[in-house]
Amino acid sequence: MNPVGTQTETTPLDVESIRQDFPILRRKVRGKRLVYLDNAATSQKPQSVIDAISHHYSHSNANVHRGVHCLAEEATEAYEEVRRKVCRFIHGDDPSSIIFTRNTTESINLVAHAWGRKFLGEDDEIVLTVMEHHSNLVPWQLLAQDTGCKLRFIDIDDDGHLRIDRLDEYITDKTKLVCMGHVSNALGTIHSVRTIACAARAVGALVLVDGAQGAPHGPVNVETLDCDFYAYSPHKALGPLGIGVLWARRDLLEEMDPFLAGGEMIRNVTLERSTWAGVPHKFEAGTPSVADAVGLGAATDYLLNIGMENIRAHEKYIVSYAMERLAELPFIRFFGPRDPADRCGLVSFIDTDIHPHDLGTVVDQHGVAIRSGHHCAKPLMHRLGVVATARASFYIYNDRDDVDALIDSLLAARKVFRL
Amino acid sequence: MTVSGLDELYREVILDHYRTPHGAATIENPDVEVEGHNPLCGDELVMHLDIADGRIRGMHIDPRGCSISVASASMLAQQLEGASLEDALELKKTFQSVMKGAEWPEGFDPGDLEALEGVKKFPVRIKCALLAWMTLEQALAEYDRDLVGEVEIDRDIEVVTKKS
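Heads up: the sequence lines are chains A and B, in that order. The first sequence begins at 1 in our numbering and counts up by one. The second sequence begins at 1 in our numbering and counts up by one.
Derived from the structure by calculation, the hints contain no laboratory data. Mixed in with the good hints, there may be bad ones.
Claimed, not checked - Just the calculated beta-carbon pair ranges, DEER-fashion:
| id | chain 1 | residue 1 | chain 2 | residue 2 | range |
| --- | --- | --- | --- | --- | --- |
| 1 | A | 28 | B | 40 | 25 to 31 Å |
| 2 | B | 102 | A | 383 | 39 to 45 Å |
| 3 | A | 55 | B | 106 | 58 to 64 Å |
| 4 | B | 29 | A | 383 | 31 to 37 Å |
| 5 | A | 28 | B | 102 | 29 to 35 Å |
| 6 | B | 40 | A | 57 | 42 to 48 Å |
| 7 | B | 28 | A | 172 | 42 to 48 Å |
| 8 | A | 28 | B | 145 | 49 to 55 Å |
| 9 | A | 309 | B | 8 | 46 to 52 Å |
| 10 | A | 202 | B | 28 | 51 to 57 Å |
| 11 | B | 57 | A | 385 | 29 to 35 Å |
| 12 | A | 262 | B | 83 | 23 to 29 Å |
A virtual CB, placed ideally from N, CA and C, is assigned to each residue, including glycine.
This is chain B alone, in the form it adopts within the complex:
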C-alpha cells in the first residue's frame, strides 16, 4: 500500500461499481420516488421503487456523487432487487451499524458491501456510504409507515419525497 488506507478505501470492487453501477435502468410508474441530499457535500441521489407483494420488484437509482456514495448505492441495488421489505430494512440497519464500527453479524455474508469497510478509517466519508441507505429507509417509510416505524432523523441527509 502506497499511502495509508487509500488502497483499502478505493478497492477494485468499489471502482467497478462506481464505473458501472447497478440500478441504472429506469422503471415505469414507480410506487415510491425519493431524492436524498447530503447538504454537506452536495451529493444527490434519486431512488425509484417498484413494490409488489411485500417485495422490491424493481429499483432505479441515479446517484450523483463520489465513488463511495455511488458504489454503495450500486451495491444496494445489486443486493436488494427482489428482496422483501423486511430484509431490505434489516440490511440497512446492519450496514449502518457496521459503518459505525460494529462487526458483520456471525455467519452473515455481506457480499460486495464488505469492500466498503475501508470507509470506516475515513470518518468524514461515512456519510457518503450511507446516503443511499438512508434514502432507502425513507422510501420504505413512505410506502409503509408501520413497517419502518419512526425514521431516525439524520440531520445531514435530507430526503425529499416526490411521490408515494
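Pulled out of the complex, with its shape left as it was, chain A reads as follows:
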C-alpha cells in the first residue's frame, strides 16, 4: 500500500460530489450535520450500493447454483460475477480462490478450523502481533487450546510499529503460520506485510493477513503482499453488512477440509457419507447472501471508479490535517506512527483529562460520531498503558471541515468538564 506521491496539501478526490452519493450524509444528528468519523467500524453506503441490493430483490431474486429457471440463472451469474470482480480488486489470479463468508471474523475462523485443525500440532507455533483485533487473536487461542500449538506475539515500539528488527526472535523453524493485520484498526499503522512474509517464507510458514482495515483504504495486491490468506469485510469498504471475503491460495483451499457443512458444499451425499464440492463451493455451505454479494459488486465498482491509489492519497491528506490540528491541542495525546505515510486515515487519541467515553458522548452531541473504547484490541490497550482511546477514522466523504468539527467538539468537551 504505497502512497501516491508525498503531496498532502490537496486531495485527488472531489469530496463534495462524493458526498452527494451518500444519502445518510444528508441527515442531521442531534440537530447538527452528521460528521461520520467511525469508518473503521463500518463505512456508509453510496446510493448505487443501496440501489443494487434493492434492484436484486426487485428483479433477480432467486437462490443460486440450483434451479434452471431464468431468475436462478441471473442470480447465479450476478453472484459469480462479483467473485470475479473481488478477485480483480485484490489482484488475485483465480476467482475460485475467493470465498464469500459473513465477515472478516468468519473468514479467519474458516482458516483456523479448516487449515489449522488439520495441519497444526503441539510442536507448532503461530506468530501473531500484540496489536491484533480480537478477531485475529481469539480464533487462534481456541485453536491453540484444541491442538496444543503455541502462540507467539511480535511486539511494537512506542510509535506503534511492529518490531521487525527482532523478527528472528519470533519467527523460527517452529513457526507454521504468521497472522497479522494489514493495517491496525486501533492505531492505523500500515504494517510491513512483505517484510514479515519474507521472514515467514524463509522458515516455510504461511501468512494470513487480516485486511479489514487494509482493503477499504488502498490498493491491495495479494501477490506482491506475498501472503497465503487475505480476509476483509466489504461493509468497511462501502459494501453491505453481512458479507465477508476470504482469498486463499488455490492449492491450500484444495487440501483444506470444509468449515461449515450442509447444502451447496457437497459433491455427492449418501446417508452414510458425503464428498465435497470443489473450491470455492466446498467452503460456502448453505444459501449465501446473494443480494449482499450484488451490493459488494456495486461497492467495488464505486471504489475502482475513484481509484484505490486516489483513496490512499486522500486519506493521507485528511489524516495529515487531522494530526496537525490535534497537535495544536496541548491536552491531546495521540498514538501510532507520527509519519502519515505509515498510517491509514485513522487517529487514535486521548484527552489527558477526559475519559474517551465522556469524550464520545460530548462530541456526539455535536453530531460527530467517533469510536471510544478498546477497539477490540484489549492487549494493545494494555501495552499502551491505557484502558481506552478515542478514535476518529476517515473515508472518501470526509474532508477538512469534518476534522474542524471534531476539533471544535473536543474544545466544547473541555468546557463541559470546566477545564
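Using the hints, position chain B against chain A.
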C-alpha cells in the same frame, strides 16, 4: 444549557467525585476482593471490602473508567462506608431501578446519587453508572451467599473474584 442534556449529565457534583473519588485509601487484609469489568468499553474497577459485624467497616475502590463510572463508584463508597450489608444491598437495588427508569422511593434521600439521574437520558451510559454497584453485589454475594441470594447475571459486566 448549551447542548441538550450534557450539563445535566456532567453536573458539578459528578465532576467533583470524578476528580477526587471516595474510597481511594487502601485497606489491610480485605475480606473480599473483586474486580468488575465492562467488556463493552474496557472499564475496570477493583473493590476491596473489610466486613465486620454485618457491616462494611472499610472499602477500597480503584475505578479505571469514565467520569460516570468513577463518580458512581465514589458515591457508593461515600454512602456505604459503615452501612449494614442489608442496607448496602437495598441501596444497590434502589439505585439500579432508578437507572432503569423508576423514581426514587417516597421520602428517600439519595444524597449525591441524585446527580446521576442525568445518565438516564444517555441509555448507553447506564452501564457505566452501574458497574460499581454490580461489582458490589457480587462482592457481597461472595461474602454471604444467603444474604444476596441468586445474583442477577449481567452479561455485560464481568466480575472476577480474587479472594473471599
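Hints, one by one, checked against the model:
1. For the hinted restraint 25 to 31 Å between residue 28 of chain A and residue 40 of chain B, the CB-CB distance of approximately 27 Å keeps it satisfied.
2. One distance hint, 39 to 45 Å for the beta-carbon pair residue 102 of chain B and residue 383 of chain A, holds here, with the actual separation near 42 Å.
3. At roughly 60 Å, the beta-carbon separation of residue 55 of chain A and residue 106 of chain B lies within the given 58 to 64 Å, and the hint holds.
4. Between residue 29 of chain B and residue 383 of chain A the beta carbons are some 32 Å apart, a value that agrees with the proposed interval 31 to 37 Å.
5. Between residue 28 of chain A and residue 102 of chain B the Cβ separation comes to about 32 Å, which falls inside the hinted range of 29 to 35 Å.
6. A hinted range of 42 to 48 Å for the beta carbons of residue 40 of chain B and residue 57 of chain A is inconsistent with their spacing of about 34 Å.
7. In this structure the supplied range 42 to 48 Å holds for residue 28 of chain B paired with residue 172 of chain A, their Cβ-Cβ distance being about 47 Å.
8. Between residue 28 of chain A and residue 145 of chain B, the C-beta spacing of about 51 Å keeps the proposed range 49 to 55 Å intact.
9. Between residue 309 of chain A and residue 8 of chain B the beta carbon distance is about 48 Å. The supplied range of 46 to 52 Å therefore holds.
10. Hint check: residue 202 of chain A to residue 28 of chain B, Cβ distance near 55 Å, so the stated range 51 to 57 Å holds.
11. Our hint of 29 to 35 Å for residue 57 of chain B and residue 385 of chain A holds, since their Cβ atoms are close to 34 Å apart.
12. Taking 23 to 29 Å as the suggested C-beta distance range, the pair residue 262 of chain A and residue 83 of chain B does not conform, at roughly 57 Å.
In summary, the numbered hints that this structure violates are 6, 12.
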